[in-house]
Each structure stands twice: as structure tokens, then as C-alpha cells.
Amino acid sequence: MSVNSGLAALSDHLLGVTMAVYALAMLGYAAEFAFSRFGGTIAAPAAMSSVGAAQLTAPGRVPAMAGAVTAGGAVTAGGAVHPAVADPAATDPAAEALAAAAARDADRVAERTAAAAAMAGGRDGAGAGAGGEPPVTARVRWLGRIAVALTLLGWLAHVGSVTARGLAADRVPWGNMYEFSSMITLVAVSTYLAMLARTRARVRWLGVFVMFPVVLYLGFAGTVLYVAVGPLVPALNSYWLKIHVVAAIVASGVFMVSAVTTVLYLLKDRWENKLAAVAAGRADAFAAMRKRGGIMLRLPSAAVLDRITYRVIGLAFPIWTFAVIAGAIWAEAAWGRYWGWDPKETWSFITWVIYAAYLHARATAGWKGSRAASISLLGFSALFIDYYLVNLVISGLHSYAGVE
Amino acid sequence: MTTSGAAAPTTVPDEVRDEARARADGVRERALATGSGSSAGSPSGQPGGPGGNAGGDIGRSGPAGRVTAPIRRVWHQLTSMRTALLLLFLLALAAVPGSLLPQRSLNPLKVEQYFRDHPSLAPALDRLSAFNVFGASWFAAIYLLLFISLIGCLSARVRWHARALVGRPPRAPARPSRLTGGQSWDSALTPPEAVDAARVILRRRRFRVALAADGATRPDGSPDFSVAAEKGYLRETGNLIFHIALVFMLVGVGLGSWFGYQGTVLVITGDGFANTLVSYDQFSRGRLVDPVGDLAPFSLTMEEFTASYQPTGQPADFRAKVAYATEFDGPTRTAEIRVNHPLAVGSAKVYLIGHGYAPHFVLRNSAGGVVWEGYQPCTPRDAMFASTCTLKIGDTGLAPTGPTREPQQLAFSGVFTPTTELDRARGYVSTYPAANAPGLTLTGYVGNLHINEGIPQNVYSLDTRDMRQLRVNGPLGDDRAAQVLALNNPNQRTVTGLPGGMSLEVDGLREFATFQTKSDPFKGWVLVAAIAIICGLLVSMRVRRRRIWVRARPVADADTDADTDTDTDAGATADTDAVTVSMVEIGGLSRSDIDGFAAELRAIAMDVRAATASAPRPLDSTEQEL
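Here the protein sequences come in this chain order: A and B. Residues -8 to 395 (our numbering) make up the first sequence, in order. Residues 195 to 820 (our numbering) make up the second sequence, in order.
In case anyone wonders, no lab produced these hints; they're calculated from the structure. Do not take every clue at face value.
[What the hints assert, rightly or not] Cross-link-like lysine-lysine pairs, in silico, DSSO-like; alpha carbons within 27 Å at most:
(1) Lys359/A - Lys265/A
(2) Lys335/A - Lys233/A
(3) Lys717/B - Lys335/A
(4) Lys335/A - Lys304/B
(5) Lys717/B - Lys233/A
(6) Lys304/B - Lys586/B
Using the sequences plus the hints, can you model the full thing?
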């Protein structure tokens, strides 16, 4: 038992710094978000298309504006399908009905795309090179850049905190729940930073939505789950701790990001549907929509969010599969059976099955879109139960939280 | 791009018709996971190709179909993706009670506790196998149905994939440039030359390519100059490997439970056991295990047990030094068994799963002669190893008493505390798991233990129905119901005043370890399946399947061809340049990773255009931003 108390204290301080800096970064992202609303002063109004979304602020004009675009959009999108209806070859009544249904679907899609395009039109026009960079002032954009710098700074402090903790205890820094939570948030922030780097900062809008749960999580870890630095219990003293737990942590961190994008997808999807209803004249634009329009406009289209979610889950799912299998191999060495339906095993199985269902649902007609998204959220809930409730509430072989 | 004569049927309506037929037959395109499935082979991505036809050949109703139709319908329903999704959800849901309610397989004591706490609810739950969820028939029904559904789907998918692997990529649609990201341009090459140039470029990019045969014609009778290319077959291969490996894993788990066995035995330092049915305290085996022939022959003696702890009492390390022989009278080897480090003997593995203390009891008669002696293991009940001890001595040498000649048997129950301290509120407790100050709080009974009546008894619990509590003399004073003994102090570890003038001394202490012997001959099988699952998954998630088509047509034909579509500028070729011989079109499809594919398609189009173009024409109007 050799705990370096100096390093342990350093680790705790660095975690405090991390939380503070992350919180500041979150505020920065939020500010960038808030100040880049439509209807305010916009740097490049000239770049807005003629049916600029700024008109959304004038209630009565919305349907007319969006409707016009819908009509335009239907030419391209509808053209692919309408011939089928008129196709003389389709004499089978069932086929005709189906074709008509397909045409209706296509119309709906076209409608939504057009409506979304109406909203996004100004934006894409403005940022042709920036690829969806919203129309914001240079000053506001600086807020976002500062937030990214702060995130990076917080990330460094976070890495420092985790490293110091590991050095203090002279072991890997993921031996109890406090340390898992710290590592999971570190992975989530790393995932976000990696996405920033890969897309050349095009996903900065994601910042506030990632940092918010991360700060909450870290706060929870630092208060409720905190335990002092100490050595491992014998059951954890295996090289599988490095393999199994690292895989589980990485998968969880990445799943966390996917949960964030899923929530955003659901919000945006709802908003786009409402917008389509407004565009089609079935509903009136309402105040909340105009007010929140700013945030919704900042988000990429629902289709893009859905794709991001799928890719993030596609990354995390094999890692999670590996984590479960590595855990089974470890269990075989430690307890003499590779699978015993211990609560932790059961919930990792449930999580795995639900995310597998998500991947299947995304390829199934009638389950795509918001239903698949709900499954993704269900999967994350199962993961949360697996990590926290199983350790804190349900007792089993994995009860090593060290929390009384 | 509105309705038009001959060109249209080969593109769009085909897929609509395919879909319609598939739906009418009750067959649903089912992609095995990962949003890809046969990627481009879905209705929306199947521009009239013969390969990978999802619905056409299944469920075609023939004359004999009247009998088999309902069966087929049920089968198709079962193997549809919707059913699979539903079963996946059911499986997840069914596993939940298994984690919330105590399970017999994990902790039978907790199940008993639950029965005591909820006397009315528990039997009802028990009828639903709620305490053995993972062995319940309804749980098995769900996963077996899921796997049948999977196998049904797999068999079709394997056939399609095999056909795709030996076959050619599906033929090019009439107007590839109308697909998302498609382009078209004029070329100075003749259509066959242009198509061949495209073929070379696609081949260099490791696409599987198929050139339209010489003399092939399109449905409208015009000559077909096109090349179809496809790449990323590994995606479906990986996908199939993943799912097949899942089936193999389930089979391996099942076989393992039929051919495996496990036994648990408690061994006091210095003692041992042999790998035979009778030496285990608990033994369970699969249906197909022969309890005599299939158990790996070995015997094992524990020579030493060491446990070390942190100052907080948190355990640091346990290790048991054992000597074992793998055959009768064979050479003895030594080994160390630790947590996470089992001992492999033959096909079996021996695990260290628990430990505790066993005090040494000596019962003497009034003359000082030893009546009974032995180590009695005590069951640990807290983290500091305060343990419950129960000692039953049937043969005390005391004469039976009373008119019914009740035997006078002795029993003691107590609490062993390895590091004993007196707590004001809780009495004698243990404050550290190591035996620094071993103490034993003891109560004695005399009477009929009912141990010779042929009814099996738990050695760790005491039935005091026909017993009388003793008042004995000891360190705490005379004539008391309970005594506290200090095992390290020879003057404070004897209880006297027992019936017949007997005395009980607790003069020693050993540690015991609990070993579990486990054999699962199909463990390796399951591991291989698990590795295949991961490899298949990685491949199917990383590889993208995509198709690219290049079509060329003579420009002179363009005016007379059916391509006088409203939006096709080809007909209105203002540049009546003599070098323009043909028009080249390129287009492609990929259902997954649309962004990445768009970039790849752009790069390929640029290459093909560089190799074929003469005068670049403006991008086709159908080119869309994603």
C-alpha cells in the first residue's frame, strides 16, 4: 500500500480545475449558440437567399414562403417517383396502391426536405465554403473558438488528473466507480475533440450538448462517487482490468456522445415535421417555434444528425461487444465461468441487445428515424443502469464501487 | 425527367415493382443488422439488376402453394426483420427480472430470504420461473425463436451472397448520371473505348467490374455500352460471419452445459480432495456427463493458505499453495492457486473462490481423555470475517436419559472473530480480517440433534427443537449461557461444566479455502465463436459496399434515342464539334457512409473524365448536393 498523497491531492485539484474549465467552455458554446440567432444582426445578410429564413419572424408569411419552396422542391424530388404512378406496366392493383403509397411518402420527404432547405437555404448560401457554418458574427464565432480552446485546456487538466491518480496509486486509474466516471467523461470529451478535428470544427454546435452531460457527470463523480486513492481489490488485480475495463469505458464514452446526438435528432426531427406542417398550411407557425427556431436552425438537419448517431454507434458497438467478450474471458479466469448472469453481465447483455436492435431498426422500414432513435436512447438508459444502478443498488460480483 | 417512353421502365418502376412483388408475397427485405444489409441490394438501390433479388424467388405461389402457403407465410413472418426486432426487445425485456430478483443459480440463500420476506408473492413468481429466469422455458423460447428466425434469414442471405460473389455486378441503369452525385460529359472516344477506359480505372481501384457484352442491347433495342462495378463484398461477408458465429456460440454454450460439470469443495489447510463425485460438497453436471469416466483424474492437497489485507481490512491477496497429482500414485507437483489464476488439470480448472477460518475443538471427559476433536469451518458473514460456527457432536459417550431414552448429544454455536474487540453496542466484534486476536463467543446445547435419523441436515445450521441450552463455566465466569474464549491464551480458551463433567477446549486455528472444479469442454469453441463475432462485426461496420456504373452512348444517336427528355441537354448538344463522339455518364449508389461515398465517386468521376473527356461540359443538372 503505497499511496503518494501529494499526487493524489494533485489529481483531485486537477479534477476541480477540469470541471471549472469545462463549465466555462460549456458557457462559451452556449453563448455562441445563443448569440447566433436568426432575426438579430447577422453579419452577411446579403448571403441569405431570397426566401431567407429571417422571414420566419413574420408569422403570417411563413406558410407562403415555405410553400413556395416546397413547390420548387417537388419538381426534383417528386420527379423520381411520379412516373411510377403513371407507368402503364403497373397493372397489378396491389402494386398500384403501393406505388401510390410510395409516391405519397416521397411527397412527404420532398416536403420536409424542401421546408428544411428553406430554413437551411440561407445558411448554406452563406457558408458555401464552410459547409453549414451558420451565419454568425465574427465576434460570436470567437466565443466558440475560445470555448474549443477551453475544452482543450480542460481536457489536458483531465488527462493530468487521471494520470496523477494512476501514479499516486501505482496502478491503472480505473479501479472504482469514481475513476470509471472520470474516464468515461474523458473519452466523451476526446470523442468530441476528435470529431472536431476530423470535420475541421464543423461540429462545434455539438459542444454545448456534450459538455453539459460531461459537467453533470463529473460533478456526480466528484461528490457522490468520490473515494480516496487506494489499491485494487484482489479480484480486479488482473491484466484484464486494462483490456476489459478500457474497452467498456471507451464504448460508454462514445455511446454517451451518441445519446447526445440522438436527443438532438429527435428535437430537430420534431421541429422539421412541424415546419413541414406549417409549410403545407396544415398548421400555423407558433411562437415557441419562432423562439426556438434559432437553436434548431443552428443544428444540422435531422438526416445528418441521424447519420452521425449511426456512425457513432457503429463505432461504439464493436467496442462494446469486445468489452463484453473480454469480460467473459476474465470471468472465466476469475470465477470459473464465462457467463453467469450476474446483474452486471445481464445488463451489459441487455445493453448489447438493445443497441443491436437499433442497428437492425435503422435498416427496417417503419422503424427508421425517430423509432430507431428511441431505441438508441433506450440502449443508453440500459448502459446507465449497467454502470450505476447495478453497482450502487443491485448487489453482485461486480460490486466494487467503494461507495458506502 | 418526367414520364418518357422506353428509358423509364429500366430505372425506377422496376424497383417499385420489385418492392410491390416482395410485399405482396409477404417477404420483407431484411437486412441483417448495421443498416447495410445487402447495401445497394435494397429496393431503393436496385436499378434493375438480376443479382441480389430480395423477394422475387421466394414465396412464389404455385399450384401446390395452397397447402404450403400458410406455412410459408408463418415462416416469412418469423424470418422478417420486424419479428427479429420484436424478439430482440423481448429478449432484453425478459432478462430484466433476472437481474432484479434473486436467482437460484447465483444466490439460493437470497431466494430463500425473498420467500420469507414475500410469502404470498414469491410462490406465484416461482411458478413463472422468476427465480430461475435464464433457465426458464419462456426465456429459452424467446432466444430459440430468435435464433430460428436468424437461421431462416441467414440461409437465404448466404445463398444470395454466394450468388453475388460468383455473379456479376448488376447492370447499369439507363441513366447513371441521374443518381445522386452522378455526372455526364462528352467524350472524343467511341462508346466502347470510353467504357473500357472506365473499366480500367475502376479495376485499378479494386472494383469488381462487368462490361456489358458485345452486341448487348438495352430494352429499347439500342446497343448497350456500359460497365458495372461493385466493391465492398466483405461487408456482407463480415455480416454473415458475425451472425453465423452467433449461432455457433449458442450451440457451444448449449453443448458446454451438456458436457460440463462443476464441483465445490471446502478444504482445510493440510487436507485435500480428489476429483470424484463423492468428495465434493456440491456437484452439478451436464446431462451427458458420465460421473465416473468423464471426471479428470486428479487429487489435490492444500499445503498452505495465505491471505493478506490492507490496513483498512480490504483484502489484498489470497493464495493457496497446493500439491496435486494427476494420476493415482503418480508424481506430485506443487502449484499456487490465486484469484484470477486457476490451476488447470486436464480438461478441468480449479478455482479459489472463497476462504475462512476453522478453529480446532477438543472435547474431553472428566478424566481428561479426548472424546472428540477436529477442525470445524465457520461461515464468514462480514467483511472482517466474523464467522458463524456450528459444532455438532453426536457421539458424546453420555448415557441416554429419560423414559424415551433421548440421546445426550452436544452442540455448540458461536461467532468466531479473527481480531476480537468489545464494542459497547454490538458486543464482541471483529475489526480486522486477519487472525490477530482470534476469539470465539460460544453457547452450548445438550439433547437430541436428530442427526442419526437418515434425514440430511445442513452442517452449518442447528436444530434446537429438542435441545436445552447449557449454563457453563469459562473465562467470563461460572454458570453463564455464553462464554467468550481467547484462542491465543491457553488460560482463556476452555469451557467447563458441560454434562458429565466434560470440557471443551478451542486450542487451534487453521484457514480453509473453497475450491471450485469446473470443466467445460466447449469453452474453446465459444471463444473461437466470440472472436469470429468481433472480426465479422468489425469488417461489416468498417467496409462499405458501393456500386458504380459508367454508360456511354454515341452522341449522334442521342437525338433519335429516347433521351429527348426535358432535362437532358444531350439532345441539345449545341457544340456540334466533330471530336465529340459519345456521351459518358457515371453514377453510383451506397447506402451507408453517404459522405465518404460522395467523395469517392467524385474522385472516380474525375479520373474517368480525365481519361475519356474531350470537351468538358457543365455538370449535369441532376447533380445534387448531399
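These are the hints, each one checked on the structure:
Between Lys359/A and Lys265/A, the direct Cα distance comes to roughly 18 Å. Compliance with the 27 Å bound is thereby established for this hinted pair. Pair hint Lys335/A plus Lys233/A holds up; C-alpha atoms about 18 Å apart against a cutoff of 27 Å. Pair hint Lys717/B plus Lys335/A holds up; C-alpha atoms about 21 Å apart against a cutoff of 27 Å. As the CA atoms of Lys335/A and Lys304/B are separated by approximately 17 Å, the hinted pair is consistent with the 27 Å bound.
A C-alpha spacing of about 23 Å is found between Lys717/B and Lys233/A, which places the hinted pair at or below 27 Å, so the restraint holds. Between the alpha carbons of Lys304/B and Lys586/B the distance comes to roughly 25 Å, so the proposed pair stays at or under 27 Å and holds.
Hint compliance for this structure: no hint is broken.
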